[in-house]
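Keeping their order, the protein sequence lines are chains A and B.
According to this note's numbering, the first sequence is numbered sequentially starting from 1.
According to this note's numbering, the second sequence is numbered sequentially starting from 1.
Since the hints were derived computationally from the structure, they do not count as laboratory data.
Careful: at least some of the hints might be erroneous.
To be clear about the criterion: a stretch of chain A counts as covered by chain B if any three or more of its residues have a C-beta under 8 Å from a C-beta of chain B, and this derived list gives those stretches [as the list claims (entries may be wrong)]:
| id | stretch |
| --- | --- |
| 1 | 1–8 |
| 2 | 28–38 |
| 3 | 50–63 |
A few chain A positions that, by computed beta-carbon distances, are all more than 10 Å from chain B [what the hints assert, rightly or not]:
| id | residue |
| --- | --- |
| 4 | P14 |
| 5 | V78 |
| 6 | D82 |
| 7 | E83 |
Cβ coordinates follow ideal geometry from the N, Cα and C atoms, glycine included.
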Amino acid sequence: MSDLEVFERYPGRPIDRDTIAFFRGLLERRLLVNRCGDCGRLHQPPGPVCPACWSDDVSPTEVSGRGTVHSFSRPVVVVDLDEGVRATATIVNCDEPRIGMPVRLTWIERDGAPVPAFEPAR
Amino acid sequence: VSRARDRVAIVGVGTTPYRRDAGRSELSLIAEACRNAVRDAGLTAKDVDGLSGSWVRAELVQSALGIPECTWYANTVPPPFHLQVIEAMNAVVAGACETALVYHAAYRISGSAAARDPFRAARRATLEAVLGPPSPWPDSISPVLCYATWANRYLHDHGGRREHLGYIAVNSRSHAVANDHAVLRDPITMDDYLAAPMIAEPLGLLDMDYAIDGADAIVITTAERAQAGPHLPVLVHAAALGQTEHAIEENLPDLEHGGQRVVHDHLWARSELTLRDVDLFYPYDGFTIIALKWLESVGYCGPGEAGPFLEDNWSAERSRIEIGGRVLVNTHGGSLAEGATQGAGHVREAVLRLRGPDASCALVAGGGFFFNPGALLLRT
């Protein structure tokens, strides 16, 4: 998929050389965070170097999307992913989000493009 | 020892009326506030050789005011006003300039009414192009939902109640009654607070500052030069900014490991004074939760204790906070009631009070939880 197509599918979003892989992942319904090839740590939002060891060897890695709600302001939840990084998205299939609630990743459409969301984990 | 300690003084303050819709440009508001501040300091445009401002570029302000020569100028954004003040302080201490004019205009660009106003919509587009979103994620708690999100977590962790936030809101209105500069001057009760429309749980309409058009300016110069001015100089005894690696709203590990903690540690390390010396406290209150947390972060009480602390330090008779029966808080009404000027009103009020006989030390704690906390310890 061309860079131009990623820009066209997510108009107005902050797409640059460091973040475009994240958005390309969204189009494939894969949630990506950066993983450091040297120290193995995960981090988001995607940056040009590993904040922990300053290595340039960072690459997008898919995360499970399972986690627990750290806090929320409906309809948006901030989630502690099982992998140890935060994720922020709309919660669906849930009237009353709670802090500590287990959630899992799902996908919704917005303006014709996939957007990550969370729902209560069964 | 901090090289800045007591080296600079605030010698002039100026403002404009605060209005929901001033019908004027930001530059017009800034020009009025700057003119008032320089005159208040007993100075003229020729005396100003430094400019420290927020959104409106320094060269435009210099031209508008006919300031002949500057040897230092900076624009720092986003604005919490203490940032512009500390920039100017550093410049004067370093000798980059001798007398700095510090300015900030508040201008309503958010909301549907602002979007229908072509002047505001145009300005909003300019500012959004400069700032951009801090997180690429399609949904983010920045910049609007972040305080509701963290207030939820705070109340959850500490068994806090909305009444704890309400003390901040009621206190501000009680003070604004006496401030003819304030835009919201009707007193409110705790019942009024609790009955206000919920906006983003747990924050309601009265937890949020009141957006206005208006500007403030102050004049900063050396402590030596300040002696010649018409007013009692207000010295910057200590100042600190604070930021951590987790500055994006959703990435803060918890409220005890944000910039406010950094401010606490470094402000008091740089100060000969302690919290017991503080006569007046000005915590930023863009949202009530911020001011509540500042009570803990500057050291009045421990994490999660601000609510019970306010219960113990509340004057039911005057419907206001009286810390230790003595220290008043946001005596102008804060951003909640005087008007939202990103902390500029807090600094102005602190200076005006310190010129009087009833107080000699004020603590201004600005900014929120994430990338912009800072504090000024002012004394006479």
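Results for each hint:
1. 1–8: Since 0 is below three, the answer is violated.
2. 28–38: violated (count 0)
3. 50–63: violated (count 1)
4. P14: violated (5 Å)
5. V78: violated (5 Å)
6. D82: About 16 Å separates D82(A) from the closest Cβ of chain B, which puts it past 10 Å; holds.
7. E83: holds (14 Å)
This entry does not satisfy hints 1, 2, 3, 4, 5, going by the numbered hints stated previously.
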